[in-house]
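Novice: Below are the chains, spelled out letter by letter.
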Amino acid sequence: MIFLTVGSELPFDRLVRTIDEWCVDRGRQDVFGQIAEPGTGGYRPTNFEWRPFLSTHDYDQHCRDADLIVGHAGMGSIITAMTYMKPIVIMPRKAAFKETRNDHQIATAEWLGERNGVLVAQDEVVLRAVLDRASEHGTARTLESPLEPYAEPRLLATIRDYLLSS
Amino acid sequence: MSDKVLTGRESDVQRRPRKVLAVASSGGHWVQLFRLRPVWDGCDVTYLTTNIQHREQVMADALERGQTVPGFFTGVSANRWQKFRLVYLLLQVAIVVVRTRPDMVITTGAAPGYFAILIGRCMRARTVWVDSIANADELSLCGKRVGRYCGLWLTQWEHLQGSEKAGAGLPAFQGATL
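Those protein sequences? They're chains D and W, same order as listed.
Quick note on this note's numbering: the first sequence kicks off at 1485 and runs consecutively.
Quick note on this note's numbering: the second sequence kicks off at 1243 and runs consecutively.
One should not assume that every hint holds.
As the list claims (entries may be wrong) - Using 16 Å as the maximum straight-line C-alpha spacing, the simulated EDC-like pairs for lysine to aspartate or glutamate come out as follows:
1) Lys1261/W with Asp1645/D
2) Lys1578/D with Asp1607/D
3) Lys1578/D with Asp1379/W
Since the hints were made in silico from the structure, they are not lab data.
Chain W extracted, bound-state conformation (with noise of 0.2 Å):
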């Protein structure tokens, strides 16, 4: 699979490994972050997400496909009207960003990912944001707000491409996780 997305530069990845961040809430989010996977192949990934569970998959995952081990972290689960665990997610976010200063940040969604968006646009990383396939009629409220900040801002609906209603600007369709 990982070939088909071989370019010129592959042999530049080996030289220096790229360091990637790859955030999501765990639930819908994180399966469809997790099929973004042969993205991150042969770089230094690190994985940010709301459920210890998943560290034993992406461990499994890496041995079975021959990656170097991945980092793994947690942060609490919040939704937005949450607002002392928004707060509190936003710590953690930040200190793993800043730890692990990441070449790229790669998410899709929920608010983990756009803490991680925000504070890895600071922070000069490249900045990708899948919006859910969940949202088929509009995008997501972070999906909407972080258009701004991103490198590359994608939805899963190419009726979705360039609508009004994903607010300020137009995000790209460029074909789905499933």
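So that you can see chain D by itself, here it is in the shape it has in the complex (with noise of 0.2 Å):
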């Protein structure tokens, strides 16, 4: 299964149409999307399943049963595959579309595109492919272990001291 999420805050149409075709020209029926609200005139695919919105534990609970998670390039989705050892394809917002208020997405793609089961897309078009590349069996390279469920420990101990020093 393939989870699709764009974050709660906006819609990203460019994203979800991408997917919406792919599902199409792949017979994917396995995908679940969380798109936010379309209002009018946005984009509602007809090709999967969507929610505008999920509870946070419906949100875990798709991030645990996906295989894949296609997601914006919002740390909350980055994080949350991190943790369940999901690999996750992700697409930049970007402001010149009006997707954001800048382009803050763009650079988190490029830093953490380097590590293990992030693979990143930075345009619909590089999308197909890398959703192709990522979606065959076996091939997206995931996290060996799963995340650390805490900050690093030097980040920890930093704070720690400040807030116990006299």
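With the hints in hand, could you dock these two chains into one complex?
Specialist: This is the structure in structure tokens:
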């Protein structure tokens, strides 16, 4: 199963439309999407089941059930995928298309794309190729062990020390 | 995990638990804040976020990890163009900070964390800003502005420490939330 998520703030038509078309081209019927509220004139996919929003419980459950997660390049999606050791394909939102307020997701994608289990598609053209590659069984690189549940020990120690300093 | 951050002052915490206010808007900011929770183990923590659904997660985690029941508040979500919502959020944050009187305010952003730092600073709390790992090219807008009010001002990217791109002053790098 593929779980598509675009975060809870804004729709991301460029990503959702590409997945919708890809589902037809590849005959995929096992995609579920959380795509935010399309609003009037927004893109409503017809080839996979979707909801605008999910409760945190349902969101977690879909992540657990997925073989592959596809998302915008938001940290919530990426960290959740890593936590459940699921490969994730990320495509950054761009300010030029009014998909976000600034281009920080482009940098996020560039910097985190080197991590195991994170595949980056900088635009919707590349996305199709990345999806084909990632959805071939067993070819997506995954983390060898789940992400630690906590931040790096050095960061925790630094802040704890500051908290307890007199 | 928490035993890795033990220091000689741990017994002092047991005598007088520190009050910590942990703040983040929902989404990626919240996920990162929650990964920092061993920092306030044994403390009297209150969470402030923008999604009521996190309450369940916070309570279950405290129980599972043998921590005291945390406080939990929510405010409205607002971005920098939603002026009225921002003012409303500022009031909500102010009420929580005044009510909890924290020894330390810690946040990963964005707007509610920024307000909490400013108000916390006025009340002489210790203040920690951990800029989101999503900001890999430069610090967030709030992150740049808040530096001067922070006791601990951190970026999660080594290449941004002491960077001029961060605005006035030099944020430190001490590791990341993942």
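Novice: Are any of the numbered hints broken by this structure? If so, which, sorted upward?
Specialist: none
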